[in-house]
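S.K.: Each chain is listed here by its residues.
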Amino acid sequence: MKGRDIISAFDFAREDFMRLFNEAKICEKKRTLRIAEDKMAITVFLEPSTRTRLSFTAAMLKIGGKVMDFGGIEASALMKGESFEDTIRMIDGYDPDVIIIRHKVEGSAKMAADIAEHPVINGGDGMHEHPTQALTDLYTMYKTFGKIDGLRVALLGDLKHGRTLSSLSYALSMFNDVKLYCIAPPILQMRPEVVEKIKDKMPCKFYNSLEELDEEIDVLYVTRIQKERFTDLQEYERVKGSYIVSPTLLSKLKKIPIVMHPLPRVNEITTDVDAMPQAKYFEQATNGMYVRMALLAEVMGLKIPAE
Amino acid sequence: MKGRDIISAFDFAREDFMRLFNEAKICEKKRTLRIAEDKMAITVFLEPSTRTRLSFTAAMLKIGGKVMDFGGIEASALMKGESFEDTIRMIDGYDPDVIIIRHKVEGSAKMAADIAEHPVINGGDGMHEHPTQALTDLYTMYKTFGKIDGLRVALLGDLKHGRTLSSLSYALSMFNDVKLYCIAPPILQMRPEVVEKIKDKMPCKFYNSLEELDEEIDVLYVTRIQKERFTDLQEYERVKGSYIVSPTLLSKLKKIPIVMHPLPRVNEITTDVDAMPQAKYFEQATNGMYVRMALLAEVMGLKIPAE
Amino acid sequence: MKGRDIISAFDFAREDFMRLFNEAKICEKKRTLRIAEDKMAITVFLEPSTRTRLSFTAAMLKIGGKVMDFGGIEASALMKGESFEDTIRMIDGYDPDVIIIRHKVEGSAKMAADIAEHPVINGGDGMHEHPTQALTDLYTMYKTFGKIDGLRVALLGDLKHGRTLSSLSYALSMFNDVKLYCIAPPILQMRPEVVEKIKDKMPCKFYNSLEELDEEIDVLYVTRIQKERFTDLQEYERVKGSYIVSPTLLSKLKKIPIVMHPLPRVNEITTDVDAMPQAKYFEQATNGMYVRMALLAEVMGLKIPAE
Numbered sequence: 004m005k006g007r008d009i010i011s012a013f014d015f016a017r018e019d020f021m022r023l024f025n026e027a028k029i030c031e032k033k034r035t036l037r038i039a040e041d042k043m044a045i046t047v048f049l050e051p052s053t054r055t056r057l058s059f060t061a062a063m064l065k066i067g068g069k070v071m072d073f074g075g076i077e078a079s080a081l082m083k084g085e086s087f088e089d090t091i092r093m094i095d096g097y098d099p100d101v102i103i104i105r106h107k108v109e110g111s112a113k114m115a116a117d118i119a120e121h122p123v124i125n126g127g128d129g130m131h132e133h134p135t136q137a138l139t140d141l142y143t144m145y146k147t148f149g150k151i152d153g154l155r156v157a158l159l160g161d162l163k164h165g166r167t168l169s170s171l172s173y174a175l176s177m178f179n180d181v182k183l184y185c186i187a188p189p190i191l192q193m194r195p196e197v198v199e200k201i202k203d204k205m206p207c208k209f210y211n212s213l214e215e216l217d218e219e220i221d222v223l224y225v226t227r228i229q230k231e232r233f234t235d236l237q238e239y240e241r242v243k244g245s246y247i248v249s250p251t252l253l254s255k256l257k258k259i260p261i262v263m264h265p266l267p268r269v270n271e272i273t274t275d276v277d278a279m280p281q282a283k284y285f286e287q288a289t290n291g292m293y294v295r296m297a298l299l300a301e302v303m304g305l306k307i308p309a310e
Numbered sequence: 004m005k006g007r008d009i010i011s012a013f014d015f016a017r018e019d020f021m022r023l024f025n026e027a028k029i030c031e032k033k034r035t036l037r038i039a040e041d042k043m044a045i046t047v048f049l050e051p052s053t054r055t056r057l058s059f060t061a062a063m064l065k066i067g068g069k070v071m072d073f074g075g076i077e078a079s080a081l082m083k084g085e086s087f088e089d090t091i092r093m094i095d096g097y098d099p100d101v102i103i104i105r106h107k108v109e110g111s112a113k114m115a116a117d118i119a120e121h122p123v124i125n126g127g128d129g130m131h132e133h134p135t136q137a138l139t140d141l142y143t144m145y146k147t148f149g150k151i152d153g154l155r156v157a158l159l160g161d162l163k164h165g166r167t168l169s170s171l172s173y174a175l176s177m178f179n180d181v182k183l184y185c186i187a188p189p190i191l192q193m194r195p196e197v198v199e200k201i202k203d204k205m206p207c208k209f210y211n212s213l214e215e216l217d218e219e220i221d222v223l224y225v226t227r228i229q230k231e232r233f234t235d236l237q238e239y240e241r242v243k244g245s246y247i248v249s250p251t252l253l254s255k256l257k258k259i260p261i262v263m264h265p266l267p268r269v270n271e272i273t274t275d276v277d278a279m280p281q282a283k284y285f286e287q288a289t290n291g292m293y294v295r296m297a298l299l300a301e302v303m304g305l306k307i308p309a310e
Numbered sequence: 004m005k006g007r008d009i010i011s012a013f014d015f016a017r018e019d020f021m022r023l024f025n026e027a028k029i030c031e032k033k034r035t036l037r038i039a040e041d042k043m044a045i046t047v048f049l050e051p052s053t054r055t056r057l058s059f060t061a062a063m064l065k066i067g068g069k070v071m072d073f074g075g076i077e078a079s080a081l082m083k084g085e086s087f088e089d090t091i092r093m094i095d096g097y098d099p100d101v102i103i104i105r106h107k108v109e110g111s112a113k114m115a116a117d118i119a120e121h122p123v124i125n126g127g128d129g130m131h132e133h134p135t136q137a138l139t140d141l142y143t144m145y146k147t148f149g150k151i152d153g154l155r156v157a158l159l160g161d162l163k164h165g166r167t168l169s170s171l172s173y174a175l176s177m178f179n180d181v182k183l184y185c186i187a188p189p190i191l192q193m194r195p196e197v198v199e200k201i202k203d204k205m206p207c208k209f210y211n212s213l214e215e216l217d218e219e220i221d222v223l224y225v226t227r228i229q230k231e232r233f234t235d236l237q238e239y240e241r242v243k244g245s246y247i248v249s250p251t252l253l254s255k256l257k258k259i260p261i262v263m264h265p266l267p268r269v270n271e272i273t274t275d276v277d278a279m280p281q282a283k284y285f286e287q288a289t290n291g292m293y294v295r296m297a298l299l300a301e302v303m304g305l306k307i308p309a310e
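Protein chains in written order, with the numbering used here: chain A, 4 to 310; chain B, 4 to 310; chain C, 4 to 310.
Same shape as in the complex, but just chain A (with noise of 0.2 Å):
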C-alpha cells in the first residue's frame, strides 16, 4: 500500500485487511522493531482526540519511527485565518513520510489527500469515516474468531453520529456471510447514505432495541447515546436503560457476544462486564496501535520481517 491514502474503509481490500491482520500480529509478538529510523510522521488533530493519537504516535514510536505533532488548533495559524489548503500544503512541505489528520468537517481528510503529495491516513472525519478504527475492529474480530466470514454482528447505541460505525460497516460488507443488526432508538438508526453502500451486500436488520434481537450473534458492538442528542429529553429517559450494557442484560440474549467498544466508555456498559471474558474493548485499544504499526509500515513502503 506503499504511498496511498487511507480516507475510507473502502481504501482496504479484503486482502489488504488479511495481510495486516497477520503483519499485526507479528508486531505484538516483536513489540518493536527499527524499521522506520529515518521516517517522519505529522500527527494533525484539529478536533480533540487522546487515543486515536496516542495509538498512531505509539504505533509510528514503536516501528522506530519519528514523530510530530501540528499541536492543537488554539495556538495554531489556522486560528490567525489561514485557510486549511494552506495549513495542509505548509504540513506536506516538511516532507513527512505520512501525515494522519482528525478534522471535524466531513471530507477533510479526502481534501487533506488531495493537496499532498506524500500519504494522508484519515483519523476521522466529523461523521463521515474512521477507517483505523474499523481495521482495529476487525482485527480484534479476527484474533477472537480467527475469521471474519460468516460473523453477525451487532451495533448497539448511536447509530447514526459515529463514524465508526460506518467505517466498520463498509469494512464488514467486503467479507462473506456476514450478518448485520442494527440496534439504535429511531431517531438514531443508521443514516440511509450508509445502508445504502452496504445494504447489497450484506444482509442488515434494525431493532429498537436489544431485547427484540431474536438471532445468535457473535459480536456487541457498544457505543454511546449522548443526552444531547435528544431533543425529546422525555425519549430520552424512556431508552437510555436499554442501551446500557451489563451482565444481566447480555445473559438474555440466546448466545453471550464478545463485547466492543471504541472507547471512551462513560457507563453504556456497566464495570462488572469488564471482567468477563468476553469483554474486549481493551484488548482493542491495543490492537488497535500494533495493526497501526502494519498500516504505518505499509503505507511508507516498509517491510515488517517476517516472524
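Don't take each hint at face value.
Identical chains blur together in the list; that is why a pair holds if it fits in one copy or across any two.
Here are the simulated EDC-like pairs of lysine to aspartate or glutamate, each with C-alpha atoms no more than 16 Å apart in a straight line [stated by the list, open to error]:
hint, residue 1, residue 2
1, K113, D14
2, K83, E231
3, K208, E219
4, K32, D98
5, K33, D98
6, K83, E271
Everything labelled a hint here was simulated from the structure, so no lab data went into it. The structure displayed is predicted, hence computed values, not measured ones.
With chain A's structure known, arrange chains B and C on it following the hints.
M.R.: Same frame as chain A, but now just chains B and C:
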C-alpha cells in the same frame, strides 16, 4: 528495581539510593547513553507541571528512549466522562515500558500502579508524595557532602501542603543520625500523619521561624508560602518576612547552610542568594534529570554501563 | 558556528549564508541524516507559533536528533510567578544541545543567550528579529536566482511591526548591490531604527503603494496588514485594496517578480496567484526546514556530509 512501581519515597531502600546516586554520576559524566533505544515512556500529567515533566522527558531522551505525552487533561477523554481507571487501562495497553503520572488526587499513583501491568512512577499525587523529587534532593545533598548520614536538614516555609517535603522527610529518615528541623508558621507545620511516619527514626524539632533556630544546620530547604493558605491575612503579613531567604538572613545563622528549593522560586529566596556558592537550587534541577536517567534505566531493567 | 547564539540576522556573515545555503541543498537532496542521534533541542515558544516551531522540530528530527518542547505558557511555572531568568536557567540545566526560543518581548532571546551556557537560537522576539526566517528567505532567493547580490527586493504591507522584515533587511544589507523598496502606508512604514541600520549599506526607497513603484523588481515580499493596526478605520478601508496581491496587480508591474510571504497568508495574496510559477511562498516554508537542518547542525558542531 526492574518492573517496580515507585509510588512513595519508602519504595527506595537506603542501598537503592546509594546505587542510584552512583549511576546518576555516571550519567552526568557521559551526558547521553544509548541503552533505551527500543523503550517508550508515557508521561501523564493531569495537573499542570513543567519541570517534573521536562525532567523525566529529558532523562528518557538522554538514555536513548522515546517519550509519548498523554497531553493536557482539557483535550482528553477524561473530560468526556471516562473514568481514571479506564484511562490508565488504555494507556497501559499501549505497552509502555514505564508510565509517569501526576494527578491532583492523593493515592492516584498507587491506584494507577494497581491497575497497570507496566511500572508506574509517581510524579506527584496531590499533597501526598513526590518520590523522585526526594531522590533529586538527596542526590544533591550527597553530591555536596559525600554522604547523607549525619546531615542536619532544616525545612522552611509551607510544610503542610508540600508533597515534596513529605517524600524528602521519608527519604531522610532511612539514613543514620540525620536531624530534621521543621520551620513553619503553626498553621503550615508538617502534617501529623507525616510526622508520625518519621518521628521514631529521626529526631525532628519544630520552630516558628528561622530566627529561633539554635543549632548549626547543613541544609536549608526552602519552599514558598502561598498567601491563599492563610484565612487571616494579617497573620500572613506578619510572618511572610521571616520566610524570605536573603544573604542577610543566612548570615545570621551559626553556619551558612546550602540552600535548596524544588523550584519554581518566586520571591522566597532573593536573587542575590543565587551567586552564593551555597545556592544549590539550579544544580538541584539538573541533578534531578541525571538521577531520573538512572531511575528510568533501573525500572526498565537496563544497565548503566560502568564508567 | 559551533556553540554560537543566533539572536540577530547580523549574527550571520555573508560567508555563513553561502555555506549554510550549500549545506541546506545537501540536506534537501538527502532528506534525512543521522548526524544528531545523541543531540537534544529544547523548543520554548512562549508566544503562539505553529510553523516556526514545526519547522525547527522537523529539521531536528530529520538530522536524527530529539526534540523536547517546553509546552505552552499557560501550563508553565512562568504562570506561577517564576522569572524568565529562572526558567531559562532551569531549561539550560537540562543540558540541551540547543535552545530555540520565541517570546513576545524584544530582547528576550538575547537575555536567554546571556543566561544560558548552551547555544540559543532566536525564533522571534517581539517586533525585534526573526533571524532564521531571514535565512529561509534568502535561501529561497538564492535557489531562484543563484545569487543574492544585485537583487531588487520590494517589501509590501505592514513593515513596521514585522520582525521578519527587520531581519530580512539586515540580511540583505550584507550583500552587494541589493536594492530595497519599502512599500507601505505611511503609518506602517519601516521603523527608523531598522532603516538606520541598513541605509548606509543598501539603497532603500519608500513608497505608499505598489502602483507608485517605478522600477523593475526581482522579489515581492508580501506581509499582511492587520486592521487593528489602524486607529483610523477609514484609512484602513482606503488602503487595504492596494495591498492585496493578485495576478492582475502583478501584471501591472514592469516585470513579474517572484512572490514571497512568511505565511500564514490570509487574503493578502489571492489564491489564484498560487498556481503562478512566481509564487514561492509554499516552497519558502519547505526551504526553511532545510536551511534550519543546516543551521542546527552547525550550531551543534555537526558536519553535514558532502554530497
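S.K.: A separate judgement is required for each hint: does it hold in the structure or not?
M.R.: We went through each hint and held it up to the structure:
1. K113 - D14: The answer is within: 12 Å in one copy meets 16 Å, while 44 Å across copies does not.
2. K83 - E231: Result: close only across copies, 13 Å inter versus 31 Å intra.
3. K208 - E219: Only inside one copy: K208 and E219 sit 13 Å apart there, 72 Å across copies, limit 16 Å.
4. K32 - D98: between (31 Å within a copy, 12 Å between copies)
5. K33 - D98: Answer is between; shortest inter-copy Cα gap is 12 Å, intra-copy 29 Å.
6. K83 - E271: Only across copies: K83 and E271 sit 13 Å apart there, 39 Å inside one copy, limit 16 Å.
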